[in-house]
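Residue numbers (our numbering), protein chains in the order written: chain L, 30 to 342; chain G, 1113 to 1466.
Please note: incorrect hints may appear among the correct ones.
As the list claims (entries may be wrong) - With beta-carbon atoms standing in for the labels, derived distance ranges:
#, chain 1, residue 1, chain 2, residue 2, range
1, L, ASN220, G, SER1270, 54 to 64 Å
2, L, GLY312, G, ARG1243, 48 to 58 Å
3, G, ARG1312, L, ARG171, 26 to 36 Å
4, L, VAL260, G, GLU1316, 22 to 32 Å
5, G, LEU1437, L, ASN80, 49 to 59 Å
Said to hold, decoys possible - Derived pair list, reagent style BS3-like, types lysine-lysine, alpha-carbon separation capped at 30 Å:
#, chain 1, residue 1, chain 2, residue 2
6, G, LYS1424, G, LYS1400
7, G, LYS1262, G, LYS1203
8, G, LYS1424, G, LYS1354
9, G, LYS1143, G, LYS1203
10, L, LYS79, G, LYS1262
11, G, LYS1315, G, LYS1357
12, L, LYS76, G, LYS1265
13, G, LYS1424, L, LYS76
14, L, LYS79, G, LYS1315
15, L, LYS76, L, LYS290
16, G, LYS1143, G, LYS1346
17, G, LYS1203, L, LYS75
18, G, LYS1354, G, LYS1387
19, G, LYS1346, L, LYS75
20, G, LYS1203, G, LYS1346
21, G, LYS1346, G, LYS1315
22, L, LYS100, L, LYS75
23, G, LYS1203, G, LYS1387
Hints are computed from structural coordinates only; laboratory data are not their basis. Glycine included, each C-beta is placed from N, C-alpha and C at the ideal position.
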Amino acid sequence: MTTAEANKNLVQPAGGIPAPGDKSNSTIISSSPYHGLWALTNRELKKWYKNPVILLLSLIQPVLWLGLFGKAMNFGAIFTDGAFSIPGLNIPKEIINQLGTMLMLNVFGTTDYFSFLAVGMLSFIVLFTAMFSGMSIVWDRRLGTLNKVMSTPVARGSIVMSKILSSVIRSLVQASIILVLAVLLGMNISNITAIGVLGTFASLALLSFGFSAIFLMLALRSTNQNTQMAVVNLLNLPLLFGSNALFPASFMPEWLQAFVKINPISYATDIGRQMLLGAGGMGTLAFDFAYLTAFAAAFSIVGIMLSWRLLSK
Amino acid sequence: MFNLTNVVMEMNGEMDANGGRRTIMQIRDLKKVFNGTVVAVDGVTFDVYEGEIFGFLGPNGAGKTTTISMLTTLLRPTSGTATVCGFDILKEPNEVRKRIGVVPQEYTADEDLTGYENIMFCADLYGIPRRISRERADELLRLVELEAAKDRKVETYSGGMRRRLELACGLINHPRVLFLDEPTLGLDVQTRAAVWQYIRKLKEEYGMTLFLTTHYLEEADALCDRIAIIDHGKIVKIGSPKELKDSLGGDVIELGVQESDDDLTPLISSVQHVKEVKRVSPSEYRIKSELGEVTAPMVIDALRSKGYRVNKISLTRPTLDQVYLELTGKSIREENGDRTQAMRQRMIMRRARR
Chain L
30 MTTAEANKNL VQPAGGIPAP GDKSNSTIIS SSPYHGLWAL TNRELKKWYK NPVILLLSLI
90 QPVLWLGLFG KAMNFGAIFT DGAFSIPGLN IPKEIINQLG TMLMLNVFGT TDYFSFLAVG
150 MLSFIVLFTA MFSGMSIVWD RRLGTLNKVM STPVARGSIV MSKILSSVIR SLVQASIILV
210 LAVLLGMNIS NITAIGVLGT FASLALLSFG FSAIFLMLAL RSTNQNTQMA VVNLLNLPLL
270 FGSNALFPAS FMPEWLQAFV KINPISYATD IGRQMLLGAG GMGTLAFDFA YLTAFAAAFS
330 IVGIMLSWRL LSK
Chain G
1113 MFNLTNVVME MNGEMDANGG RRTIMQIRDL KKVFNGTVVA VDGVTFDVYE GEIFGFLGPN
1173 GAGKTTTISM LTTLLRPTSG TATVCGFDIL KEPNEVRKRI GVVPQEYTAD EDLTGYENIM
1233 FCADLYGIPR RISRERADEL LRLVELEAAK DRKVETYSGG MRRRLELACG LINHPRVLFL
1293 DEPTLGLDVQ TRAAVWQYIR KLKEEYGMTL FLTTHYLEEA DALCDRIAII DHGKIVKIGS
1353 PKELKDSLGG DVIELGVQES DDDLTPLISS VQHVKEVKRV SPSEYRIKSE LGEVTAPMVI
1413 DALRSKGYRV NKISLTRPTL DQVYLELTGK SIREENGDRT QAMRQRMIMR RARR
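Excised from the complex, chain G in its bound form (with noise of 0.2 Å):
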C-alpha cells in the first residue's frame, strides 16, 4: 500500500490558484537541442498537478520522448528550468531520481532474469532495505497479476506480461511521480485496456500522478485528464480532452432538407445553442453547435414549425484526431518518425508480440 502520510507532510509542491490544485511539477521554457542543430524540445512551458494524469500527445519525432529524458534526468536541458516534486532537475537530480518511477518505451528487463529478479533488482537501485522490497516485490507482481510468473525467466513473458513487469519495476519505490513513455507501444486491444486499467488504478487508489507521452489518440482520450499537443517540440494546446474538444467549437450537426431556394441559415441560427451554419449545398447544412444532442432536436422543430421538412440528419461529436487536425493541420495517423526512430519501434514491437 502506498503510504501518502508522508508524502503529503512532505510536500514541496506549491498551491496553484487553479482550483486549488498542487503543482507536483513546474516546466519553464525547457529547450533541447541536439548537436547544436536539431531542435527536439523548443520552449515548453506547463504545469503537472498532483494526482492527475497529464499526457503529452504528438507524433512520433514531436520531442515526447526528450521531454520525458529531461525530467527524468536523463538528459541535459540545452535551457530552462523544470522542477519534479519541488526539485530542480539539474540542481538535486538524485533527490528527483528517488521520488519519480520510470516505464520506458523499451523492454528494459533484463530477459535471462525472472521477473522476481528484475523487480527486486530495481528495488536494489534504489537501495531499499531486503525486508521492505521483498514484501513490495509481492504486492506488486500481486496488482499487476504476475504471481504465477514470477519465478520465470522473462524472455518467456508475452509483450503484455513485459510491460506489465515494466510497470512494477517503476513503482518498486513508490514513486510519487511515474513517468511513462508509450506505455501501450506494440500491444493489441485487449492488453492495452488491461494497462490502462492499471493505470488508472494507480491515480483513483494511490493518488498519483502519472506523466504519459502517447501517440495514440484514444489512449490520451481514455486517460488522462489533461493533454498537451506537441508537435514539432512546442506545445500547441493543453487542455482537458473536453476542452481541448470544445475548443472546435462543440458537435457538429448535419442536416438534409427537400431542396428550395430559401436560405434555412437564418433561422438555423437563431436556436439556442447554435454557433456556426454553413450552406453546403442547397438541401445541406452543416451546424457547429455546443450540446449538439439537445440542440438537434431543437433544430428540426424549428424548421418543421415553418414548414420545412428534414430528411436526413446526422451528429458527430469532435474527437481528439479533429482537434489534433485542426491544431497541427495533418492527421496524427499520417505521421511518421524519422527512420531510427521507427527502427527503434518496430524492435519493441517486435518484442512486444512474442
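The following block holds chain L by itself, in its conformation from the complex (with noise of 0.2 Å):
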C-alpha cells in the first residue's frame, strides 16, 4: 500500500459517505477568470421570474403611463376633426387636419403622441430597472451575502458584472413586454421592421449597462437600502423629465436642451423613434450608437475598477 492510499484508508470514515472516486479533489476548482459570472446573474435572474408579482408590479407603472399619459395627452386629436375653430374664418376641416399632421409631424417626428411615448417608455423602464439594480448589492451586503460571495474565489468584478447583466436581462425583457403593450393598444406600426427592432433593443441594452454600473457604484459601500432609496428617488425625474423620452428636446429652453444633449436616455429614445417610427431624429444613428457605447463602456470599466477597491476593505 502506498503512503497516499494509507492516509486515505486513514481518513475513510467508518460507514460514511461513500467516496465519488478521484474526482472530488480540490484540483477541479475552476480557473476561468469568468466562474461564477453566470452563476450569480443567474440567481438574480430566478428571484426575478420566480416572483411573478414583482415583474408586474415593475410593468404596471411604464403601462400606466402609457395608458393614462399617452392617451389622455392626445395632441393629435387637438388639432385636427374640428377641435378648434377661429370666429369669422371658415378654415376647411382638411386644412385644419392638414395643418395639425403637419404639426405633429413637425414637433413630434410622428402623427401620433401614442407611438411617439411608447417609444419613451422603453427607455423608462430600462432607467427604473437599472435604478434599482443597486437595491440588491445593498441587501446583499446586509444579509451577509455579499462577504459569503466575497470568500470564494470569484472574481470581485464578476460580482458587479453580474448585477449589471441581471439588470440588462430584466430590462429587456421588461421593455419587450411594455413594447407588445403599446402595439396592442394601437402605436404605430407601420415602419416597424426586424432591423428596427433589434436596434433599438440593442440602443436599450446599451443604455441599461450604464445606467445600471453607475447606480450600482453608488450602492457598492452603501449598508442602508433608505440612502439608495432616496438616491433613486433624487435621480429618476431629472434624468427622464431631462430627456426626450416625453416630449420634444426642440421646445424647451435653452439650458435644459443642453442637458438633453448629455444625457444618454435622449440618444436611446432617438434610435428608437427613427428605427421603430421611421421618425427624424435628433443625431444621426451611428453617432447616436457611438455615444451609447461610450457610455456604457465608460461606466462598466469605472464599475469594475471600483468593485475592486470598493469591495475589499
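Please assemble the complex out of the two chains, which come individually in their own frames, going by the hints.
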C-alpha cells in the first residue's frame, strides 16, 4: 500500500459517505476568471422570474404612463377634426387636419403622440430597472451574502458584472413586454422592421449597461437601503424629464436642451424613434450608437475598477 | 467523501516542533484599525494546527469576527501577516479562498431559492463542474440531514435547518479549513448539540481543521481542542480547555470542620496534591488542589487521623467561566457588544427562530 492510499484509508470514515472517486479532489476548481459570473447573474434572475408579482408590479408604472399619459395627452386630436375653430374664419376641415398633421410631424416626428411616448417608455423602464440594480447589492451586504460570495474565489469584477448583466436582461425583457403592450394599445407599426427592433433593443441594452453600472457604483459601499432609495428618488425624475422621452427637446429652454443632449436616455430614445417609427432624429444613428457605447463602456469599466477597490475594505 | 490524498501531498504547512503537528495557519501580529482610531484586533499571534478545532472565545466586540474576516480575505489587515494553507492572505488571497470554507454568522442563503439551488449556487462560485457539484450537493445534504427539505424554499426552513444549510454550503469545495463564525448563535439547546455533532464529525471523520468563534463558554469547552481567549482585540491566553482550567490552580475543595481555635492550614497543606489552603473562617477552609477527587478523601483522612471532624465538603471543578473571569476580570455573560452588533445579532436570532 502506498503512503497516499494509507492516508486515504486513514481518513475513510467507517460507514460514512461513499467516495465518488478521484474526481472529488480539490484541484478541480476552475481557473477561468469568468466562473461564477453566470451563477451570480442567474441567481438574480431566478429571484425575479420566480416571483411574477415583482415583474407585474414593475410593468404597471410604464403601462399606466402609456395608458393615462399617452392616451390622455392626445395632441393629435387637439389639432384635428374640428377640435378648434377660429371665429370669423371658415377654414375647411381638411386644411385644419392637414395643418394638425404637419404640426404633429414637426413637433413629434410622428403623427400620434402615443407612439412617440411608447418609445420613450422603453427607455423609461430601462432606467427604472437599472436604478434598482443597486438595491440588491445593499441587501446582499446587509444579509451577509456579499461577504459569503467574496470569501469564494469568484473575481470581484464578476460580482459587479453579474448585477449589471441581470439588470440588462431584466430591462430588455420588460421593454419587450412594454413594446408588445404598446402595439396592442395602438402604437403605429407601419414602419416597424426586424432590424429596427433589433437596433432599438441594442441601444436599450447599452443604456441599461451604463445606468446599471452607475447605480451599482453608488451602492457599492452603502449599507443602508434608505440612502439608496433617496438617491434613486432624487435622480429619476430629472433624468426622465431632462430627456426627449416624454417631450421633444426642441421646445425646451436652452439650458434644458443642453442637458438633454448629454443625457444618454435621449440617445436611446432617439434611436428607437428613428428605427421603430421612422421619425427624424436629433442625431445620426451612428452618432447615437457611438455615444451610447461610450457611455456603457466607460461606466462599466469604472464600475469594475471601483469594485476591486471598494469591495475589499 | 473528502479525498485527502491530494491534500496530504500538496501540504504546505510546516512541521511544528509542538508534538510534530503541522501548522495550517500562521498568524503573526495581525492588526486591524478601523477609521484610524478603532482598534478591533490589536496584534494577535497564534498558530492553528492541522486537524484541530481551534476556538476564538470572547465577548461580543472582542475582535473575533474581524479576525475571521481577515483570515478569510474579506478584510485587509492594517498590519501583520497571516498564512492559511501556506498562502499569504494578502499576496495570494485567491489561493486561500479556494482552500477554505466559510460559515458566516448571518444566514446568507437565499430565501427565495431552494436548499438545493443554494448549494449549487455556492458550487458554481467555486467553479466546480456540474457533474461533480451534483454529487457533492447530494452527499452534503445527506450529511446535514436536509435531503427531505432540499427542494423547499429556504424561507420555510427553521433556524437549525438554515444553519445546517450554511454548513453544507461552506463544505461544497471540500475545504481544508472551515471557518465558523458563531455557529450556534440563536439556536436552541438541542439544535446546538446537533450542530456540535456535525462539527465533531468533520474533524473526526474528515480530518478537517476547524476555526470557530464563539461567546458561549460551554461551546468552546465542549468542542475545541484549543482555545484562544480574546478580549479587546488581544489574545490573553491560548491553550486546551483543560490547560486553561488547570491554570487556575486546579480544583477547589471547600471544607467545613468543627469549630476550633486550631489553625489546620499546615496540616492540610501537607497532604499530597494540595497547592494552596486558605482559612476562610474559623471552621471553613478553601483548598486549591490538583486531582480534587483524589485529594478530598486524603484531606478527610489526614484530619480524622488527628481527631478533627469534617462535617461539610464540596468539590468544584474550574470552569472556563472562572478562567475567563480570572483573565479578563469580568464574567463573559455580563458583557454586551456595541449597539449595532447587538442589533445585528438580534436580527440573526429573529431569523433563526422563525
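Taking 30 Å as the top limit, are the C-alpha atoms of LYS1424(G) and LYS1354(G) close enough?
-> Holds, at about 27 Å.
Range hint compliance [Cβ, LEU1437(G) to ASN80(L), 49 to 59 Å] | holds (51 Å)
Take the C-alpha atoms of LYS79(L) and LYS1262(G), compute the straight-line distance between them, and say whether it is at most 30 Å.
-> holds (17 Å)
Between LYS79(L) and LYS1315(G), is the straight-line Cα distance small enough, at 30 Å or below?
-> violated (38 Å)
Can the restraint linking LYS1203(G) and LYS1387(G) be considered satisfied, given a maximum Cα separation of 30 Å?
-> Roughly 50 Å separates the two Cα atoms, so the pair is violated.
Please work out if LYS1346(G) and LYS1315(G) have their alpha carbons no farther apart than 30 Å.
-> Roughly 27 Å separates the two Cα atoms, so the pair holds.
Mind checking the alpha carbons of LYS1143(G) and LYS1203(G) for me, to see if they're no more than 30 Å apart?
-> holds (17 Å)
Under the criterion that the straight-line Cα-Cα distance not exceed 30 Å, is the pair LYS1203(G), LYS1346(G) satisfied?
-> holds (25 Å)
30 Å limit on alpha-carbon distance, applied to hinted pair LYS100(L) and LYS75(L) = Not OK: LYS100(L) and LYS75(L) at ~35 Å, beyond 30 Å, violated.
At the C-beta level, are VAL260(L) and GLU1316(G) separated by a distance inside 22 to 32 Å?
-> violated (51 Å)
Are LYS1143(G) and LYS1346(G) close enough, with their CA atoms no more than 30 Å apart?
-> Given that 30 Å is the threshold and the Cα spacing comes to 9 Å, the pair holds.
Holds or violated: are the alpha carbons of LYS1424(G) and LYS76(L) at most 30 Å from each other?
-> violated (67 Å)
The structure fails hints 4, 7, 13, 14, 15, 17, 19, 22 and 23 (numbered hints given earlier, in ascending order).
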